[in-house]
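*Asks:* Chains as they are written, first to last, in our numbering: chain A, 95 to 522; chain B, 95 to 522; chain C, 95 to 522; chain D, 95 to 522.
Read the hints as simulated data drawn from the structure, not as lab findings.
Bear in mind the structure is a predicted one, so any value in this text is a computation, not a measurement.
Every residue gets a Cβ at the ideal spot worked out from N, C-alpha and C, and that includes glycine.
Incorrect hints may appear among the rest.
Stated by the list, open to error - Covered, in the sense of this in silico footprint (three residues per stretch, anywhere, with C-beta under 8 Å from a C-beta of chain A), are these stretches of chain B:
#1 243-251
#2 372-383
Said to hold, decoys possible - To give an idea of the chain A side of the interface with chain D (calculated C-beta under 7 Å), a few residues:
#3 Gly-198
#4 Cys-257
#5 Asn-258
Stated by the list, open to error - The calculated label-pair distances, taken between Cβ atoms and stated as ranges, are:
#6 Tyr-184/C x Pro-165/D: 45 to 55 Å
#7 Arg-354/D x Glu-360/B: 26 to 36 Å
#8 Pro-284/C x Met-351/A: 52 to 62 Å
#9 Pro-284/C x Arg-349/D: 47 to 57 Å
#10 Pro-142/B x Arg-349/D: 34 to 44 Å
#11 Ala-350/C x Leu-518/A: 26 to 36 Å
#12 Arg-191/D x Gly-399/C: 22 to 32 Å
#13 Gly-169/C x Gly-286/D: 53 to 63 Å
These are the residues of each chain, in order.
There are 4 protein chains.
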Amino acid sequence: MPGTSDRKRGSLRVSEGSPRARYAGVRSATEALSRPLTAEDCGVQSMPDASPTKWHLAHTSWFFETFVLRPEIPGYRPFHPQFGYLFNSYYESVGDRHARPQRGVLSRPTLDEVYSYRAHVDAAMTAYLDGAAAVPALVELGLQHEQQHQELILTDIKHAFWCNALRPAYREPGAMATPPAPPLSWMAFPAGIRAVGADGSGFAYDNELPRHRVFVEPFELASRLVTNAEYLAFIADSGYRRPELWLSEGWETVRAMDWRAPLYWEQRGDEWQVMTLHGMRAIDGAEPVCHVSYYEADAYARWAGARLPSEFEWEVAAAAEPITGNFVESGRLHPAAASNGRGLSQLFGDAWEWTASAYAPYPGYRTPAGAVGEYNGKFMCNQLVLRGGSCVTPQSHIRASYRNFFPASARWQFSGIRLARSVLSPGS
Amino acid sequence: MPGTSDRKRGSLRVSEGSPRARYAGVRSATEALSRPLTAEDCGVQSMPDASPTKWHLAHTSWFFETFVLRPEIPGYRPFHPQFGYLFNSYYESVGDRHARPQRGVLSRPTLDEVYSYRAHVDAAMTAYLDGAAAVPALVELGLQHEQQHQELILTDIKHAFWCNALRPAYREPGAMATPPAPPLSWMAFPAGIRAVGADGSGFAYDNELPRHRVFVEPFELASRLVTNAEYLAFIADSGYRRPELWLSEGWETVRAMDWRAPLYWEQRGDEWQVMTLHGMRAIDGAEPVCHVSYYEADAYARWAGARLPSEFEWEVAAAAEPITGNFVESGRLHPAAASNGRGLSQLFGDAWEWTASAYAPYPGYRTPAGAVGEYNGKFMCNQLVLRGGSCVTPQSHIRASYRNFFPASARWQFSGIRLARSVLSPGS
Amino acid sequence: MPGTSDRKRGSLRVSEGSPRARYAGVRSATEALSRPLTAEDCGVQSMPDASPTKWHLAHTSWFFETFVLRPEIPGYRPFHPQFGYLFNSYYESVGDRHARPQRGVLSRPTLDEVYSYRAHVDAAMTAYLDGAAAVPALVELGLQHEQQHQELILTDIKHAFWCNALRPAYREPGAMATPPAPPLSWMAFPAGIRAVGADGSGFAYDNELPRHRVFVEPFELASRLVTNAEYLAFIADSGYRRPELWLSEGWETVRAMDWRAPLYWEQRGDEWQVMTLHGMRAIDGAEPVCHVSYYEADAYARWAGARLPSEFEWEVAAAAEPITGNFVESGRLHPAAASNGRGLSQLFGDAWEWTASAYAPYPGYRTPAGAVGEYNGKFMCNQLVLRGGSCVTPQSHIRASYRNFFPASARWQFSGIRLARSVLSPGS
Amino acid sequence: MPGTSDRKRGSLRVSEGSPRARYAGVRSATEALSRPLTAEDCGVQSMPDASPTKWHLAHTSWFFETFVLRPEIPGYRPFHPQFGYLFNSYYESVGDRHARPQRGVLSRPTLDEVYSYRAHVDAAMTAYLDGAAAVPALVELGLQHEQQHQELILTDIKHAFWCNALRPAYREPGAMATPPAPPLSWMAFPAGIRAVGADGSGFAYDNELPRHRVFVEPFELASRLVTNAEYLAFIADSGYRRPELWLSEGWETVRAMDWRAPLYWEQRGDEWQVMTLHGMRAIDGAEPVCHVSYYEADAYARWAGARLPSEFEWEVAAAAEPITGNFVESGRLHPAAASNGRGLSQLFGDAWEWTASAYAPYPGYRTPAGAVGEYNGKFMCNQLVLRGGSCVTPQSHIRASYRNFFPASARWQFSGIRLARSVLSPGS
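Can you build the whole structure from these sequences, using the hints too?
*Replies:* Right, dumping it as structure tokens:
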């Protein structure tokens, strides 16, 4: 058991145990993530898309309180009458809520009070789960939800620290270096009908269902993500100044925002540096490029004579892959996984991979009844699906059918690029 | 033969003839559309999405001048050295251009000068086409492009007139009434691999290619569009006030814009009225509801216990359908087409039908070389596909593989709703 | 005397006559201004601050209809029931109105219909004034109001034409050249109590009243406006890049708008050119600099070691000055007035002169009863007073007590710079 | 005398002592104000106009470091190389700076580090002042500056707490009640030349200079501020729904912001409550109305048949008045001062009083040399002068010639209303 230096992953090893142990593991993993931060750090919201750590800590508790404890436990006493208002994220059917862009204003409750809130919820949840044979569905949803927020805690604090000229480090770096990137190769997949979507072997969000059939034309998928070194070649080839490489909206965004490189990159003299959770670093050419928008991923692919995969192509390729990740955000958040022996590796766990697929319901998709029906379905518009999982995604949260989604302009997520290309059918 | 009162369709009858005749027919149809308008009308731009009639007249000529005459005709003399700047719509590779939201500022060139511009281009084009055995590809593209702008002339002037409290009529109404809407029935389609995309039998835009295979799960499609009467029931059932019916972005839009009904609807006392090209009218319950956004179409479908079709479901259903239209925009822009004998009718020509499909490239899609490569491909982001065609779409411009596209919030297009629903497979 | 080619001034010569003649003179002068314009030109609105010529023509008629004919003439039949809505500018107490930024959408009524509207109003007004011994107060207000809009017609169409890459000329230029600018000298004024405000000898707006006493410390006023040549020296001395010269808001505006020169200036190669009512011209160093914001006037003054005068300093200096103007907007809108023999000349008629005085009510100021009380008083916030009058101001509309006012950022008015400086009292 | 519970005033008692003691007194008063707050509270920025307490604590130290220690102390070691960037407010000549709306992002430096920064600066300042016979001018400026930020700490935290549905109290309330408001009477002042501006008897900002003469027409000034009870009558008389009472900009703001009462007022059932530094309270009708914009002050005055005073009328009236204040922000920040025996009392210390005067330079005004020249002068545009001082203004910071200034829309300051009216001269 690796102890405090690997908090995020620590939770995962208890997931095989009892419902109580699983619950405790996920919850404590969240708190471990906040430990390197001061109470002041935990209160910062650097932009409307991001939330304070403290808000994540409270909202994940609110989720259990609202969707499990209040409906399930007779006489359950909510911790505070106004926390339902303060920590509701976007559930219209639950009621009004504090404005999202104003979450950084909430100096009260204090961080300590939020921990008391967590303890209050944990006590009730532990009693509720005591002796349960299995994790109830809504509890499992709450745990998966909390794992999403574990990733957001790191994603959001990275952005907050980047907005500060002091460029604080979330954690001091370790010593390992990223190994050289293997040569890029192409894995070929034949045409055919494939089944996609969750196969029922484990937890899945509603948006991964129902499993259904798609026809996939022949395609090839890159064996690894695009590296920083490759992306630097795109920049050097005037990639950010050539409109013919860009989607129309992407080009407008590049000009309006004056983008010249991925988020967190800075040119200092002749050197490109990058903000990481361990502070500023020189760019490592071997690492996957990260913190690019869909627009940039798409433009890079066009420049490279390729395209982005559809989410189904990705899932077809991923179906048999081991879940590993090699990229460690410039400082080893977790030990590098050993690469498997195949040419195609590391589909998971380095960076979220933009796909060309808009986030849309699967045929026959149904939202769950009640407020949790707002969890996923209502966002199925103007978002792109990302597949895989990043170096800050809890490993047990990664699966082949997982559908992450963000708007095309989002860059603060750990999002990277995997190329694909179509294979012409004979005679076409 | 309806004569001058049916200018828009008048052009189509020459389309079987020589290249020159086809060119002349499309061009004269455009001018016929501007004839009911004053020069002052032709200069108005009511919002950045819309353009003045005069601009449409000039831009369609610029298209031929830029993509056909300048590259193809040695010594061709452009009509005016600055028209390339004024009438370039969005082609980055052609050069700078007048700002789109400022098109209404261009009192010069005058409408008469724009007609001279058209005549100048027509003379050169006619000479170019003289004796041609077939319409060259770029000319055909220009003609299809012009047909799109024919529709936009009507779409945009309707919006401009609606912004004016005088509510002018584009044309005086005729006398026919819309027949009662037939009962809605559901057409069932089985699962299977289907070929979609242009089949090579006629002109197609690049975005309809390549023809490829998709797997379609079993589904049902409504036999007709949702009517005003049905949509009124949605409004009466508090459809615009129930967040659970809406996509998250849709709900935000409803609140921000204070939407309570489709665009152009107005409640006067107890009566709902609607702005049409023939002025204000009482709502006709039998007509298809029109001028709804994707958000509204999606919310209506959810309220009705159905969903919107994917563009492929739509195309599968449309493959064998005749091209007809019944809806005539409250005043008979063209005679009602006879309904065919099947249960499924009128897939074309009443209103553009929102599909649930994001506008994305087909597998193997390639943009054409050169500036015309910007025609379609660069807009494949954050738009939804609409299928079918509306009562203001030139009839020869309608085809089963056609992919129209607009952002989810767009309402000024003639866009309506056709419902679909998934059929559960046995045992699923 | 140039006759019809000098329409704007032509009206003034009848102002000594009967009320009917005075009314007819002002009204015909307005129409004369619109004569060089096409109907299309008359419909353009290039920005929310500006209005179409057609709107000016209609609104000035609405003024007489609303404030004179409807209340005064029993049985008066308004020309059109909705013109009250379309052509109300900002009178809350009169009712709702068409949105200001959307005035360019009004292709209807047509320009011809607006002329019919004017004729309808003129007929009723002429009957009303028939035999009147004097011009009634509200009619006089309407005529003064119309003279303001005469200036705005030229000011606004200049902006509209500048937004068009064709840079049309409102009128072909004449042949006279601006004489060299005389050397700048300083006129000294002693301290003392002075009376300011309208003295009752002629028409005055409510904002010029009541005449009251102010104490003026000793000051000096420049004998002429700052010239283009002088302003070019400010630009050459990095005037637009030195924050220490600017008000904080001014500096923010310079950066946000990327200002590098007055409005309408363009650098073509090594030459500065300027848009005028006669089209593009090379800058004439002898002319007064024009189309500068208050921010620029203030920054220039600071750079020159001086300041802008207060409106009272200006009025004290102006009290005894002849009303003349020399600047003719690069093309002789009216003949240059002969300079008088004093060192101080041309306080009037070249450009509106920014003062350092915020637009505020005089002590004891009262708004008139009724809707016309909204004419001036409600704008007394966040505007600066400009004094004098410009080359496009009707000469009879110019007077020493006149208070024009615009926000600090406004540049599309004919606004220039006159310097002042404080004189230290002995011993201070 | 209440001692530690009255920290803000506590500092003032040492102001008669040595320069060191005066410095220490002001500095410790600032820190006393932050003591009721958690580190989390101190980091919050609720809107771009407001700043975090921590930022105020640091910026006031930066002021001494930048304008005194760095230029005056050879070898002075700045505390941190990047604090000059982080804590520069708006001094362009000092260099770049952290964006104002992003001050809440700065979780680092921590509050403890900022206190270390203060201690570092204090040690150097104390050494610098050791043995000084008088407070050097720039030190005095720094102390006055720090007193302004003392007020802002309270003003800004009040806003932050109001943005939080928990409505925290900055401090628990005491027990005293506001005495009934005396009847409003009018004090008459004759016409005449008056001297205004700082008279040289103590510290003054540059904007209070030079002392100069103004002519004041006869006027009357209200003996006290408008009360909540009086303002409630304005609300009850539809004050917020009658455009004729408002400046044009004010009316637009009322509609755009949906204002219906002063900032911090909330209607709960039939009762109006108000947010105070002591939490939510019922409105006390006897207290001065506070947290109104200039627009509201002006509209109220018009409704009451009066007007706002000019800043010179106010100063003339204030010249002989004792400095007292009665209003204690719904909870006794300091003991009520005894009213003096005159009809006119309490010109100071209850609320800042909007005047009708735009913030402009006095005749002969000069900005100081160097960066401190940016302190006041560059803001002399589009702001209104407020006079007096509020219940959160340090008492030693209040003086008759003091010119506070804010934009017309500002409401988060402790700003109230005193009425004035003009007296008609005989025969006018």
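*Asks:* Run every hint past the structure and note whether it holds.
*Replies:* Hint-by-hint comparison with the structure:
1. Under the rule that three or more residues need a Cβ within less than 8 Å of chain A, the assignment of the region 243-251 of chain B is violated, with 0 such residues.
2. Only residues whose beta carbon comes within less than 8 Å of a beta carbon in chain A count, and the region 372-383 of chain B has 0; fewer than three means the coverage is violated.
3. Hint on Gly-198/A holds. Least Cβ distance to chain D is approximately 5 Å, under the 7 Å limit.
4. Checking Cys-257/A against chain D: minimum C-beta separation of about 5 Å stays under 7 Å; hint holds.
5. Evaluation of the Asn-258/A hint against chain D yields a held restraint, the C-beta minimum of about 6 Å falling below 7 Å.
6. Taking the beta carbon of each, Tyr-184/C and Pro-165/D are about 52 Å apart, inside 45 to 55 Å as hinted.
7. Here the CB-CB span from Arg-354/D to Glu-360/B is close to 29 Å, well matched to the stated 26 to 36 Å.
8. Between Pro-284/C and Met-351/A, the C-beta spacing of about 58 Å keeps the proposed range 52 to 62 Å intact.
9. Distance hint check for Pro-284/C and Arg-349/D: the Cβ-Cβ separation is about 49 Å, which falls inside the suggested range of 47 to 57 Å.
10. The hint said 34 to 44 Å for the Cβ distance between Pro-142/B and Arg-349/D, and at roughly 24 Å that hint is violated.
11. In this structure the supplied range 26 to 36 Å is violated for Ala-350/C paired with Leu-518/A, their Cβ-Cβ distance being about 51 Å.
12. Between Arg-191/D and Gly-399/C the beta carbon distance is about 29 Å. The supplied range of 22 to 32 Å therefore holds.
13. Our hint of 53 to 63 Å for Gly-169/C and Gly-286/D holds, since their Cβ atoms are close to 55 Å apart.
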